[in-house]
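Heads up: the protein sequence lines correspond to chains S and G, in order.
At position 29 of the first sequence the residue is numbered 29 (the numbering used here), and the sequence of numbers has no breaks.
At position 145 of the second sequence the residue is numbered 145 (the numbering used here), and the sequence of numbers has no breaks.
Everything labelled a hint here was simulated from the structure, so no lab data went into it.
Mixed in with the good hints there might be a few duds.
Which copy? The list can't say, so a pair holds if one copy fits it or any two copies do.
[Claimed, not checked] DSS-like, lysine-lysine: derived pairs with alpha carbons at most 30 angstroms apart:
{"hint": "1", "residue 1": "86", "residue 2": "112"}
{"hint": "2", "residue 1": "143", "residue 2": "113"}
{"hint": "3", "residue 1": "86", "residue 2": "155"}
{"hint": "4", "residue 1": "79", "residue 2": "155"}
Number of protein chains: 2
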Amino acid sequence: MAAVEGGVPTRIMVAVNESTIKGYPHASISSMGAFDWTLKKIIRSNTSGFKILLIHVQVPDEDGFDDMDSIFASPEDFKRMKHRDKIRGLHLLEYFVHKCHEIGVACEAWVKKGDPKEVICFGKRVQPDFIVVGSRGLNPFQKVFVGTVSEFCIKHADCPVIAIKRSTAQTPQDPVDD
Amino acid sequence: MAAVEGGVPTRIMVAVNESTIKGYPHASISSMGAFDWTLKKIIRSNTSGFKILLIHVQVPDEDGFDDMDSIFASPEDFKRMKHRDKIRGLHLLEYFVHKCHEIGVACEAWVKKGDPKEVICFGKRVQPDFIVVGSRGLNPFQKVFVGTVSEFCIKHADCPVIAIKRSTAQTPQDPVDD
Numbered sequence: 001m002a003a004v005e006g007g008v009p010t011r012i013m014v015a016v017n018e019s020t021i022k023g024y025p026h027a028s029i030s031s032m033g034a035f036d037w038t039l040k041k042i043i044r045s046n047t048s049g050f051k052i053l054l055i056h057v058q059v060p061d062e063d064g065f066d067d068m069d070s071i072f073a074s075p076e077d078f079k080r081m082k083h084r085d086k087i088r089g090l091h092l093l094e095y096f097v098h099k100c101h102e103i104g105v106a107c108e109a110w111v112k113k114g115d116p117k118e119v120i121c122f123g124k125r126v127q128p129d130f131i132v133v134g135s136r137g138l139n140p141f142q143k144v145f146v147g148t149v150s151e152f153c154i155k156h157a158d159c160p161v162i163a164i165k166r167s168t169a170q171t172p173q174d175p176v177d178d
Numbered sequence: 001m002a003a004v005e006g007g008v009p010t011r012i013m014v015a016v017n018e019s020t021i022k023g024y025p026h027a028s029i030s031s032m033g034a035f036d037w038t039l040k041k042i043i044r045s046n047t048s049g050f051k052i053l054l055i056h057v058q059v060p061d062e063d064g065f066d067d068m069d070s071i072f073a074s075p076e077d078f079k080r081m082k083h084r085d086k087i088r089g090l091h092l093l094e095y096f097v098h099k100c101h102e103i104g105v106a107c108e109a110w111v112k113k114g115d116p117k118e119v120i121c122f123g124k125r126v127q128p129d130f131i132v133v134g135s136r137g138l139n140p141f142q143k144v145f146v147g148t149v150s151e152f153c154i155k156h157a158d159c160p161v162i163a164i165k166r167s168t169a170q171t172p173q174d175p176v177d178d
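In isolation and in its complexed conformation, chain S is listed as follows (with noise of 0.2 angstroms):
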């Protein structure tokens, strides 16, 4: 007798940024390591298991920095900036749709635009079994500076969250970038 055969998929919810280093249209470090962790650890080979729900939140430039250089002469512009915005959040989850495919796990992917505890009010509203985020595994006095999605992601949400901690290996020259 096995665990469950057959039956409605376990859906994950899967949260995924953009790189603080590279930019769109890549993803961050964590978001990768807690991806691939979850295909290698708890999918394995059982695809039709398993329903990967990506969300990634857009945070709005607070400091209006990337913006430097666009001018602003209409509200067209900014509807073309929104846009693009829009776009680069698509190919920023078109590598992991990518890869779910690749594998022939379901997958969905929404773009939200918001703070990234957004995270949280998503996950009321599709419902996840739990919720995987990765982390850059900040210590104490790190976190004082740029706090951390994953232990809001934890004390909130209504589902249980794995956090998924960046490799020592992989953290960059100033652990807050990502």
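With the hints as your guide, set chain G onto chain S.
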């Protein structure tokens, strides 16, 4: 192409403890929940892809209430008590080991004496891919008085930890009970 065909099974360490309501050899509500969740949501039908490492840490009774009816006249009595506790631990694990055999997933089980936080040290030794631990889902006020093992594990384990909250429907009248 599957994510992982064959290869070394994913090692899941599941920490279980005894019921504060029913006592030995009954497992706590949250332990049972964490174990069942692992079978249903992670292992599913892929029983050859996983190995379950069961750990039960027996907490020595600090205030001695459990032993109020016991007479300790010789060092031999203490030895007998320790033996009895060990037997109890084995009974507690029996349910889980039996279930693993029933569904055909490989498992190993250990009883340790000490602080529940010993789970962490033990994790360092057996090196699981991740740890599953039940949680009573206490609110911050309730936590002040009893402490939570799951949060300690999340903070200090070398590997990812997933805490499975007890469902509201299963919460006893006193939520500190389990």
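Now the hints, each set against the structure:
Proximity of residue 86 and residue 112 under a CA criterion of 30 angstroms is satisfied intra-copy only: 9 angstroms inside one chain copy versus 53 angstroms between copies. For the homomeric pair residue 143 and residue 113, the shortest alpha-carbon distance inside one copy (23 angstroms) is at most 30 angstroms, but the shortest distance between copies (35 angstroms) is not. Proximity of residue 86 and residue 155 under a CA criterion of 30 angstroms is satisfied intra-copy only: 29 angstroms inside one chain copy versus 35 angstroms between copies. Taking identical chains as interchangeable, the C-alpha atoms of residue 79 and residue 155 are never at most 30 angstroms apart, the minima being 35 angstroms within one chain and 43 angstroms between chains.
Against the hints set out earlier in the document, a violation occurs for number 4 only.
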